[in-house]
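Enquirer: If you want the building blocks of each chain, they are given just below.
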Amino acid sequence: MNKHDKDKQPTPTTNSEPSQKLLDTKVSRRDMLRLTGATGLGLLLGGGAMGSLLSRGGTAAKAPVAPVQADSSIPFYANHQAGILTPAQNFLYFAAFDLTTTKLSDVKKLLQEWTTAAAALTTGRLVGNTNDSPNLPPSDTGEADGLTPSRCTLTFGVGPSFFDERFGLAGQRPSSLADLPPFVGDNLDPAWCGGDLCVQACADDLQVAFHAIRNLARIARGTAVLRWTQEGFQRTGEADPKNGTPRNLLGFKDGTGNPDVTDEAEMNKIVWQGSGDGPAWMNGGTYMAVRRVRFRIEVWDRSSLSDQEATFGRHRQSGAPIGARDEFDKLDLKAADASGKPLIPADSHSALAHGDGTVKMLRRSYSYSGGLNAKTGQLDAGLLFISFQRDLVKQFVTIQQRLSRNDRLNEYMVHVGSAVFACFPGVREGGFIGDTLLG
Amino acid sequence: MKFSYAVPASLLAASILFTGCASNNTNGNTAQSTNGAGTNTATNAPAATADAAKTAEAADFTSAIEQYRTFVIEQCDLFVKETEKFTGAVKAGQIEEAKKLYAPTRMYYERIEPIAEALGDLDPHIDARENDVDPAEWRGFHKLEKALWEDKTTAGSEETADQLLKDAQLLRAKVETVEIDANLLVTGAVELLNEVSSSKVTGEEERYSHTDLYDFVANVEGAQKIYELLKPELAKKDAALEQTIGERFAALQAELAPFKSGDGYVSYQQLKEDEVRKLSQNLDALAEPLSNMGTILGV
Ligand code: HEM
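Heads up: the protein sequence lines correspond to chains S and G, in order.
Counting in our numbering, the first sequence runs from 8 upward without gaps.
Counting in our numbering, the second sequence runs from 1395 upward without gaps.
Please note that a few of the clues may not be correct.
[Claimed, not checked] Okay, derived cross-link-like pairs now, DSS-like style, lysine-lysine, Cα gap no bigger than 25 Å in a straight line:
#1 LYS1672(G) / LYS116(S)
#2 LYS1666(G) / LYS382(S)
#3 LYS1540(G) / LYS1479(G)
#4 LYS1625(G) / LYS116(S)
#5 LYS1493(G) / LYS1537(G)
#6 LYS1540(G) / LYS1475(G)
#7 LYS115(S) / LYS1672(G)
[To be verified] Only some residues are given here: those of chain G computed to face chain S with a beta carbon under 7 Å:
#8 GLU1682
#9 ASN1686
#10 GLY1688
[Said to hold, decoys possible] Pairwise CB distance ranges, derived in the manner of DEER restraints:
#11 PRO189(S) / ALA1648(G): 34 to 44 Å
#12 ASN380(S) / PRO1529(G): 34 to 44 Å
#13 GLN1663(G) / GLY364(S): 53 to 63 Å
#14 GLY258(S) / GLU1531(G): 50 to 60 Å
#15 THR109(S) / VAL1670(G): 20 to 30 Å
#16 LYS1560(G) / THR109(S): 43 to 53 Å
#17 GLY149(S) / GLN1637(G): 25 to 35 Å
#18 SER1674(G) / PRO141(S): 24 to 34 Å
Because the hints were derived from the structure by calculation, they are not lab data.
Beta carbons: idealized from backbone N, C-alpha and C, even for Gly.
Okay, chain G solo, but in the shape it has when bound (with noise of 0.2 Å):
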């Protein structure tokens, strides 16, 4: 579990709380007073946060967490509805279909990455790697793609499918009770990049099938997501960070457009090394000012 934050499992059948805007806005968010005003190297903008700075007024972040929430739902919907699609091709032994099924299902999870992380156990039950867990526990989507790409065979994978099932409809039932607050987005979006740096960078994620650029996508596409939604604040608060963030975003599109094959993603093993060194750079460049956008929660 990678968020102090994430709510015990006690508690998730309380209403949705919106505590988390609440208490930024009460610990004396001012937000003027504090250094923020000056030049931050790290972002590359300069001048431009200290006027922005003045006018800070405790920003509310209600509507942002409501559309927030909606998106999460909405792929949550739609990634069980998938999961359903492939989980049946795989125990129909379709081992093509399933195969075709993979990548594209596993987006709908991997744009709300670091909401399954703070529910428990989920995110490993649906997303260990191989040697992420104890061998006997082992279990969920990469158990699959092992047995479709590398064992050639779904006998046996019967129980797995059920089970993989079984958690994304759980991961459903538990995101509607989920605690979100703007720092869970700001530190979501940063985490979601950081998930393509250390893994799918590496080419490490998708080790069997290789479609490390469909969650690639997936993981950049979530943190715009929560980009977008906190920019009107961001632009009050910081408007050249906002742009360079903006730029950055459209940058890393630009580098990932060439690998576009049909409704996919090439392999990764097609990528040459100054390819995956200029894709991952990029993803750098684009993390570093993201990581400022915590700006906004009062400096």
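Extracted from the complex, chain S is given alone in its bound form (with noise of 0.2 Å):
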């Protein structure tokens, strides 16, 4: 929510605190005394009670809770890992690595080291703690000292090749968990594709995902190495300060029909592998879909409003589905003109992907842009698509099946990397990433 937008005006340095820096403490006097009269009533009460607060208005009803501190701060030690069910923060810097080694001692030791970084980057804190020896080189790489936490998330997970012959773990594969099957027009490029782990770092500020990424690359070397990076964005708190539902590169608000992320029941149906759905240790977690779709951008400035609106079966401007008026007003496929003829048509984006309903996933997307395809000379832009669910086949495989064979976008995408990841369970304080497979 929006009282971050505060967090990221300048900070003042407090270089007359030592103290303070001892600590690690990223969050000086002055911009927790900022915070207070920015939040209003926000540190008296608490950061859970806060977040309800501020969640009211604009969307209030979507605008998901997550407990956030003063400090901008997401917990990372947490029943579910974190930048799932959080609200989507500013920016994503997407990485899937690949693990060098052959030894599961090393990957847990690996999964033993991030865990401790990360409780550290989604605090503000410096990453080890050789960062003062003038003989080696500083244990963090820098770039995000003296910055607030910004919200960053760090979210885990494990690829179908995790449970290939090298580990010995083909038993604790849960089984939606494999390779997508290829769905009509796919154009995957294999540099974009798959990878044994993924991390997923959000944050308000791009410095901080990119400084948590690039320590965890550096902490793995030897271990894993990056497979594929992509860097995501939406519109900025500061930009949208009603925050609206956020609009992809297409101008279209993307995100409107996705579930009510505060709804618990919800939530466990539709996100969160209960106990008896698959392998025990993946209770509590849930299942991500990645897919890198590139728009063909310049086609789709040449489509008329109508043929546009159609292709989403939404109106433009206000997300509201066609015929309706108000974005959260309910999707009625059965609305019908004069005629007879359905306002929203059956191979529009939000119909194929509604269904009768009864499938649901939770988006997590972000837009992305990777400059300029040197071939053609046209934009290589478009949208890090992520969902997450409860399984792979009977959620995500079920919907992008009917997509691909007739959702009029396909005229104006095309999907170019594909990964799917297991994303554990939360951690608690003393566990470890993934301590559920391998603790």
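Fit the two chains together into the complex; they arrive one by one in their own frames, and the hints show the way.
Expert: Here it is as structure tokens:
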């Protein structure tokens, strides 16, 4: 929520307080005062209460509440991993890794070291403790020194290849965690696919997110290497003080139809693996689908407003279903015009994705811009589609099969990257990422 | 010049100075009181550090430095000898012979590159690539490389050949007096691997002969020599780090092995993109813990 906007103003450095530096405290007293002022009762009420207060107004009903602390940090240790139900931060830095070791003990050690680092990175502390030794390279790379945590979350997962013959874990692979089947129109580039591990870094500051991935990759050297990375963005909280649903690069509000993340029962139904669903180590975890979808921006820009709206089945300006007025009006697929023609085309993206409304998922995508395609001179931009679900086959594959065959949107986009990951349940203090599997 | 502690030419005449270890010992090298005892995430060497640090006394690098000096002089002697053969072939117009001698000769130099870099202008004189220096001042190995592989003639290269031999001899003379301390060893080892990362891995070093793998291997060997010499001290201070570095050297060597060909190495052009990427990643995996060898200097 937008209280964090205040955090993003230049932070006065407090050199006069060396003791604070020793404690690795990233939020100076002045910041605290500013924050208190900015959020009124915020500090008195504590993180959780403040979160819910702030979620009122705008799209309150849809805006998920994550405990956010006054210093803009989101707790790393929790029942579920952060970065899933957490309201999407301004920026994403996504990284897929390949393991270079074949020893499970190395993997375990890496995840333990990542846990320690993640706890520091998400609270704005420096990584490691050799940051002041003249004879050593500093253990933290330093570019986030003095920055607030910026609601940084780090979400970790393992891909299907993690369960191949290398580590003897084949028997632990959740059944829905497999490379996605080919879909009609896929144009996948192996350079944007797969990965043994993933880290989704989100933060309200891109430098904070980059710093997190950079340091995790550094720690991994000798055990794992980066396979592919993608930066993502959406409009910032500052640019949208009303905190409306963000628009994707095709100009449409994206996220309207998402389930309500504050509804625990709904989340247990749609997002979190329950006991009995799959291997016990994933209870409280979730499955992530990632698709790098390039937009045919130039083609889209040449299509008329009514074509664009028919493509999504929604009005561009309001985000409302065609024929309705309010963004959050019910998506009524039976609504028809005088001649009996459905207002929302059956092959529109919303209609197909919605189907009969029984299959749902939680989308948490970011826009990306990858510069220019040197061959065509066209923009390489689109969506890093990310969704979380309890079962990849029953949810993601089911919907994507419908979409890939008939979606009007297919004319304007092409899927170039693909990966799936099992995101572990949350980490408890004293534990480590993935300890339910490797502990 | 990459080393701030390079000795000014006027001092080079002076006798060998081992001030490095002395100063390291005197500036209160109480490693056990520092935060080096904590986990060092970047080196994958957690708990073991704590115990090792407790036993730290002022480390003695005298013998390591002596041995390194012997190694450097040995390499320099061979370097001069082989350069003589190489430049002889160039001057005699024996192109094929010269091409054969080129890369193996350079390896003696590449193993001790940081030392040469500490000696003023010698490195650019011997090893500058075409656009590293003013065209009028370009000389050394790579100028001859271009003549041999690109121009395919040695005509007009006599002067460059003579000059190169003289530079090699000057290096040999100066190396007697270079100040070597523990810090130079530690930095030098990392420096050698950085050389590989920034120019060899990309195939930019030997743009005409594509013999980059020879330099690659020699730089790694030079770093490994230093690691071997510091190993006893390192094992005392941080056994896990010492072990990790050893394992990563082995992994990199295993990665390089398939590219051996006869006494030498295949052309860098034969490497596929993913093979280069893998070499590069293995190199980074080694260089990261190696860069923490400075822990023996006290943190
Ligand atoms: C990458 C191209 C895509 C774009 C630009 C896109 C955009 C949109 C937009 C604008 C909406 C309407 C607003 C909303 O409900 O959030 C929507 C709805 C939705 N999309 Fe997508 N989407 C894309 C791909 C996908 C994929 C690959 C899937 C899943 C396989 C998917 C699943 C859904 C679902 C489930 C809804 C909500 C439908 C409902 O109202 O029940 N989308 N999408």
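Enquirer: The structure should be examined with respect to each hint, and the outcome stated for every one.
Expert: Hint check results:
Taken as a hint, the LYS1672(G) and LYS116(S) pair is honoured in the structure, with Cα atoms around 22 Å apart against an allowance of 25 Å. For the hint pairing LYS1666(G) with LYS382(S), the CA-to-CA distance comes to about 23 Å; that is within 25 Å, so the pair holds. Restraint check: the Cα-Cα separation between LYS1540(G) and LYS1479(G) comes to about 18 Å, which is no more than 25 Å; the hinted pair holds. Taking the CA atoms of LYS1625(G) and LYS116(S), the gap is near 24 Å; set against the 25 Å cutoff, the hint holds.
In summary, the hint linking LYS1493(G) to LYS1537(G) is supported, as the alpha carbons are separated by about 13 Å, within the 25 Å threshold. With a C-alpha separation of about 22 Å, the suggested pair LYS1540(G) and LYS1475(G) falls inside the 25 Å cut-off, and the hint holds. Proposed proximity of LYS115(S) and LYS1672(G) is supported: the alpha carbons are some 23 Å apart, at most 25 Å. Contact between GLU1682(G) and chain S, as hinted, is supported at the beta carbon level, the nearest pair being about 4 Å apart and thus within 7 Å.
The beta carbon of ASN1686(G) comes within 6 Å of a beta carbon in chain S, closer than 7 Å, and the hint placing it at the interface holds. Residue-level restraint check for GLY1688(G) holds (minimum Cβ-Cβ distance to chain S is 4 Å; threshold 7 Å). A beta carbon spacing of about 36 Å between PRO189(S) and ALA1648(G) agrees with the range 34 to 44 Å that was offered as a hint. The hinted window of 34 to 44 Å between ASN380(S) and PRO1529(G) holds, with their beta carbons roughly 37 Å apart.
A beta carbon spacing of about 59 Å between GLN1663(G) and GLY364(S) agrees with the range 53 to 63 Å that was offered as a hint. Between GLY258(S) and GLU1531(G), the C-beta spacing of about 58 Å keeps the proposed range 50 to 60 Å intact. Between THR109(S) and VAL1670(G) the beta carbons are some 22 Å apart, a value that agrees with the proposed interval 20 to 30 Å. Separation of LYS1560(G) from THR109(S) is about 51 Å and conforms to the stated range, judged on CB atoms against 43 to 53 Å.
A hinted range of 25 to 35 Å holds for the C-beta pair GLY149(S) and GLN1637(G), which are about 28 Å apart. For SER1674(G) and PRO141(S), the Cβ-Cβ distance of about 29 Å falls inside the hinted range of 24 to 34 Å, so the restraint holds.
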